[in-house]
Every structure is written in structure tokens, then in C-alpha cells.
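*Asks:* Below are the chains, spelled out letter by letter.
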Amino acid sequence: MRGANDEDVALCARSAAGDEQAFALLVAKHERALRGFLARLGTGNMADDIAQEAFIKAWRFAGQYDGKARFSTWLTRIAWRCWLDRCRRREPVPEAIGGDRVDSSERSEIDDMLMRLSPAERAALVLCEGHGWTHAEAAAMLGLPLGTLKSTVARAKERCRAMWRGDER
Amino acid sequence: MNDDDFNGFLASALSPPRRDEDLAFVGQVQQRLRVERALRAERLRIARKLAMDLAGLGTVATALLALSRSPAVSAFVSLNPSLALGMLLIGAAGWIALQAGPDSAGPSRATI
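So the sequence lines, in the order shown, correspond to chains A and B.
The first sequence runs 1 to 169 under the working numbering.
The second sequence runs 1 to 112 under the working numbering.
Treat the hints with caution; some may be incorrect.
[As the list claims (entries may be wrong)] With beta-carbon atoms standing in for the labels, derived distance ranges:
hint : chain 1 : residue 1 : chain 2 : residue 2 : range
1    : A       : Ala-162   : B       : Ala-41    : 40 to 48 Å
2    : B       : Arg-32    : A       : Ala-136   : 30 to 38 Å
3    : B       : Arg-37    : A       : Met-115   : 35 to 43 Å
4    : A       : Asp-112   : B       : Gln-31    : 29 to 37 Å
5    : A       : Lys-29    : B       : Gln-31    : 43 to 51 Å
6    : B       : Ala-66    : A       : Leu-84    : 43 to 51 Å
7    : A       : Leu-84    : B       : Leu-67    : 31 to 39 Å
[To be verified] 25 Å max Cα-Cα, derived DMTMM-like pairs, lysine to aspartate or glutamate:
hint : chain 1 : residue 1 : chain 2 : residue 2
8    : A       : Lys-68    : A       : Asp-112
9    : A       : Lys-29    : A       : Glu-7
10   : A       : Lys-29    : B       : Asp-20
11   : A       : Lys-157   : A       : Glu-109
12   : A       : Lys-57    : B       : Glu-36
13   : A       : Lys-57    : B       : Asp-20
14   : A       : Lys-57    : B       : Asp-4
15   : A       : Lys-150   : B       : Asp-5
16   : A       : Lys-157   : A       : Asp-112
17   : A       : Lys-157   : B       : Asp-22
18   : A       : Lys-157   : B       : Glu-36
19   : A       : Lys-150   : B       : Asp-3
20   : A       : Lys-29    : B       : Asp-53
21   : A       : Lys-57    : A       : Glu-109
22   : A       : Lys-29    : B       : Asp-5
23   : A       : Lys-57    : A       : Asp-112
24   : A       : Lys-157   : B       : Asp-4
25   : A       : Lys-29    : A       : Glu-129
26   : A       : Lys-150   : B       : Asp-20
27   : A       : Lys-57    : B       : Glu-21
28   : A       : Lys-57    : B       : Glu-42
29   : A       : Lys-68    : A       : Glu-53
30   : A       : Lys-29    : B       : Glu-36
Quick caveat, the hints were computed from the structure, so don't treat them as lab data.
Yeah, the Cβ is synthetic: ideal placement off N, Cα and C, and Gly gets one too.
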């Protein structure tokens with residue numbers, strides 16, 4: 001993990017020094033996963049706007065990134081806070097959930113499942129089951145205690161399984 | 001379908017989209033970044049100008065206070081109060097005209 005993140009640490013240090021090209025490389029490298037995560041939170045068209053806001057904040061505070069966690073962990077934490085801020089400000093967040101990879105029937109089914117979960121359950125499930133983050137990393141991203149995160153993922157998964165079986169409709 | 005199928009479905013449906021990097025999005029972020037930098041520079045410029053204005057105002061006020069305590073100025077003001085007031089007003093008008101000059105006409109749109 002350390003070696004894989006070294007490049008991001010170097011790019012972030014260059015960004016903190018004002019190198020826009022270095023930051024563009026970071027954006028290009030991480031936008032797919034970040035936008036995928038935000039789209040699954042139910043932000044619809046706002047996902048890109050929140051992703052941009054998160055990248056701008058990452059640029060502004062690039063000097064504070066210490067490389068202890070992965071850059072993507074740090075970035076996702078920023079994006080999650082941006083998303084929560086939008087919700088607190090009660091800005092209209094479209095209910096549509098989007099992803100551009102799965103086929104329409106599968107997408108419809110998963111969207112339906114996700115919309116029945118709480119935001120924290122949704123985020124935890126997407127990060128751990130879809131994006132392959134460990135529970136510890138997802139807990140750091142969402143600012144939750146590890147135990148809470150684990151139980152949140154388990155509960156979300158169980159609810160989805162019940163919906164999938166047709167028990168919870 | 002069993003639990004393995006469900007886990008597979010979940011992982012497949014929730015994984016990030018498989019596609020190349022979106023250069024249009026990268027461009028949008030860079031554009032917002034440039035706006036952000038321009039706004040920051042503008043805020044800095046305004047803060048510097050405000051600091052300079054306050055320093056200038058403080059200097060002028062201190063100078064006027066020192067002048068008013070001078071015996072010669074006190075005598076002049078008591079003998080010619082209207083003239084003294086007129087001079088003060090002309091000085092104030094000149095200072096306001098200087099402040100409202102083209103260099104201090106609000107934020108520069110060219111930088112944004």
C-alpha cells in the first residue's frame with residue numbers, strides 16, 4: 001500500500017507547491033472511483049459537482065496531506081464531508097442514483113435497494129462491498145468508529161439480501 | 001441464487017464504473033481551480049488595500065491630532081475658524097477623490 005501511494009504523495013506535494021499539472025494527474029487518477037462512490041449515494045447530477053468541490057478542497061489543503069493514509073482515503077473523506085454539508089444545508093439532492101457500468105435492470109434493482117438504506121449504510125456498503133476498501137479504511141473515510149462501521153455494513157448487507165430475496169418489499 | 005451469487009451481484013453492481021479517465025471532467029476541475037486561484041488573489045489584493053487604507057487613515061489622523069495640539073495651529077484656528085474648517089474639508093475631499101480613483105474602483109474583473 002505504501003509504495004502504491006508514494007506517487008500520490010509526491011503529486012500532492014507538488015500540488016501543494018502550486019503545480020496544476022500534478023494536480024490534474026491526481027484528478028485523472030481518482031475521479032472515476034470518487035464519482036462512482038458519490039453517484040451511488042443518491043446525488044444524481046450533483047455527484048460531479050460535489051466531486052469537483054472535493055477536488056478543489058483537496059487542492060486547497062494539499063499541504064495538510066501527510067501521506068499517513070492513502071490519498072484516495074483522504075480524498076473520499078473530504079467528498080463525504082462535502083456530501084454531508086450539502087445535506088445539512090438542505091440543498092436539493094436528486095433521488096436518482098447512477099452508475100454507468102451495470103445493465104439497466106441490475107442498476108434499477110441496486111438503486112432500489114440503496115434508496116431504502118440510510119446514507120451511512122449506503123456509503124459504507126458501497127465502499128466496502130463495491131470499492132473493496134477495508135473496514136478500517138472505510139471507517140476512516142466516513143469518520144465512524146470501526147465497530148460502528150462493521151455493524152453498519154453488516155446491517156446494510158443483510159437488508160439488501162432480504163430485499164433481494166423479496167423478504168423486504 | 002445463493003449467498004455467493006448475492007455477494008457477486010453486490011460487488012458487480014456497486015463497483016466503480018469501468019471506463020477510461022474522463023478528461024472533460026479533469027478540465028472542468030482545472031477551470032474551477034483557476035477561478036479559485038483568481039478569487040484568492042483578488043481577496044488578497046482587497047485585504048492588502050484595506051490594510052494600506054487603514055494605515056493611511058491612521059497616519060492622517062495622527063498627523064491632524066499632532067497639528068491641532070501645536071500652539072501656532074491652535075491660535076490660527078481660534079482666529080480663523082471658518083478658514084480652518086474650509087481647509088479641513090478641502091483636504092478631506094481630496095483624500096476621498098484619491099480613494100475613489102480608477103485604481104480603487106472595486107475588484108478587477110480581468111483577474112477573474
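*Asks:* What are the numbers of the hints the structure violates, in ascending order?
*Replies:* 1, 5, 6, 7, 8, 14, 17, 18, 20, 21, 22, 23, 26
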